[in-house]
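Enquirer: Chain residues, written in single-letter form:
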Amino acid sequence: QKEVEQDPGPLSVPEGAIVSLNCTYSNSAFQYFMWYRQYSRKGPELLMYTYSSGNKEDGRFTAQVDKSSKYISLFIRDSQPSDSATYLCARSGKGKLTFGQGTILTVHP
Amino acid sequence: ETGVTQSPTHLIKTRGQQVTLRCSSQSGHNTVSWYQQALGQGPQFIFQYYREEENGRGNFPPRFSGLQFPNYSSELNVNALELDDSALYLCASSLNVRSLAPQAPLHFGNGTRLTVT
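Residue numbers (my numbering), protein chains in the order written: chain F, 1 to 109; chain E, 1 to 117.
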């Protein structure tokens, strides 16, 4: 079992839709969780960072962590074509991040 | 504030050759990590350098080695290149307060695309 499993997608949604991206993790020893966005030919860009169960909101983005079920989600409201990218979830460990495989999202006008 | 910069952006090498990739960390960051990202996959941790010492290593063979310099810039060296080494190599920096702390958010460069033929 991989340490972090991510729904691979790809996802294709119309502009304005609510997008849900999901990951599960297997090791509950560490508490930091992150979401990165990666555009084509670019490095990952940090979107959200949280260290506790519950929701964290930043504009159109909401990160949700459920430690009891080891589930991580990212919600994007009012999705835009500029949100089209690969989304990576990551779990923090000692000295490293463990990433999911990424979900490719396309938002079409 | 300057971000993480990597060079070169693209590189083509032949199997068996050696390669050196370079990274300048974000201003104020003392820790550099290297990740390998194969096509269609998430980044995989290679190793981290904290205060010029290797501070953790992923499941990569010894032919992957690195250095961190006093200005916190870093190099990744790969010897005896194999076809499977073809990937995007990402450098990331962070500010860590101690060795092997739970990893703070990483700030990535745009990577070096290595192709081994």
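Just so you know, the hints here were simulated from the structure itself, not pulled from any lab data.
Possibly wrong hints are sitting among the right ones.
Unchecked claim - Quick list of simulated restraints, FRET-style, between CB atoms:
no. : chain 1 : residue 1 : chain 2 : residue 2 : range
1   : E       : P70       : F       : S12       : 47 to 53 angstroms
2   : E       : P62       : F       : K42       : 44 to 50 angstroms
3   : E       : D84       : F       : S52       : 23 to 29 angstroms
4   : F       : S12       : E       : A38       : 36 to 42 angstroms
5   : F       : E45       : E       : R57       : 21 to 27 angstroms
6   : F       : Y39       : E       : P8        : 17 to 23 angstroms
7   : F       : P109      : E       : T14       : 29 to 35 angstroms
8   : F       : R60       : E       : T14       : 43 to 49 angstroms
9   : F       : Y71       : E       : S27       : 23 to 29 angstroms
10  : F       : R60       : E       : T5        : 44 to 50 angstroms
11  : F       : D58       : E       : E82       : 37 to 43 angstroms
To be verified - Derived EDC-like pairs (lysine to aspartate or glutamate); straight-line CA-CA distance at most 20 angstroms:
no. : chain 1 : residue 1 : chain 2 : residue 2
12  : F       : K94       : E       : E52
13  : F       : K42       : E       : E52
14  : F       : K94       : F       : E15
To be verified - To give an idea of the chain E side of the interface with chain F (calculated C-beta under 7 angstroms), a few residues:
no. : residue
15  : Q18
16  : A38
17  : Q41
18  : P43
19  : G56
20  : F60
Quantities reported herein were computed from a predicted structural model and do not represent experimental measurements.
The C-beta atom is built at its ideal place from N, Cα and C for all residues, glycine as well.
Enquirer: Hint E:G56 vs chain F: min CB-CB distance below 7 angstroms?
Expert: Because about 3 angstroms separates E:G56 from the closest Cβ in chain F, which is inside the 7 angstroms limit, the hint holds.
Enquirer: May I ask you to test the interface hint for E:F60 with respect to chain F, counting a Cβ-Cβ separation under 7 angstroms as satisfied?
Expert: 12 angstroms, violated
Enquirer: Does E:Q18 pass the interface check with chain F, least Cβ-Cβ distance below 7 angstroms?
Expert: 24 angstroms, violated
Enquirer: Tell me if the straight-line CA distance from F:K42 to E:E52 falls inside 20 angstroms.
Expert: Distance of about 27 angstroms is beyond 20 angstroms: violated.
Enquirer: Does the Cβ-Cβ separation between F:Y39 and E:P8 fall within 17 to 23 angstroms?
Expert: Cβ of F:Y39 to Cβ of E:P8: about 20 angstroms, so the range 17 to 23 angstroms holds.
Enquirer: Evaluate the given range 23 to 29 angstroms for the C-beta pair formed by F:Y71 and E:S27.
Expert: 36 angstroms, violated
Enquirer: Between F:S12 and E:A38, is the Cβ distance one that fits in 36 to 42 angstroms?
Expert: 23 angstroms, violated
Enquirer: A range of 44 to 50 angstroms was offered for this pair. Does it hold for the Cβ distance of E:P62 and F:K42?
Expert: 30 angstroms, violated
Enquirer: Was the hint right that E:Q41 lines chain F, CB cutoff 7 angstroms?
Expert: Holds - the Cβ of E:Q41 comes within 7 angstroms of chain F, reaching about 5 angstroms at its closest.
Enquirer: Quick one, are F:K94 and F:E15 close enough, alpha carbons at most 20 angstroms?
Expert: Violated, at roughly 39 angstroms.
Enquirer: Is the distance from the Cβ of F:E45 to the Cβ of E:R57 consistent with 21 to 27 angstroms?
Expert: Roughly 25 angstroms apart at Cβ, these two residues keep to the hinted range, so it holds.
Enquirer: Is 37 to 43 angstroms respected by the C-beta to C-beta distance linking F:D58 and E:E82?
Expert: Holds: the Cβ-Cβ distance is about 41 angstroms, inside 37 to 43 angstroms.
Hints 2, 3, 4, 7, 9, 10, 13, 14, 15, 16 and 20, counting from the list given before, are not met by this structure.
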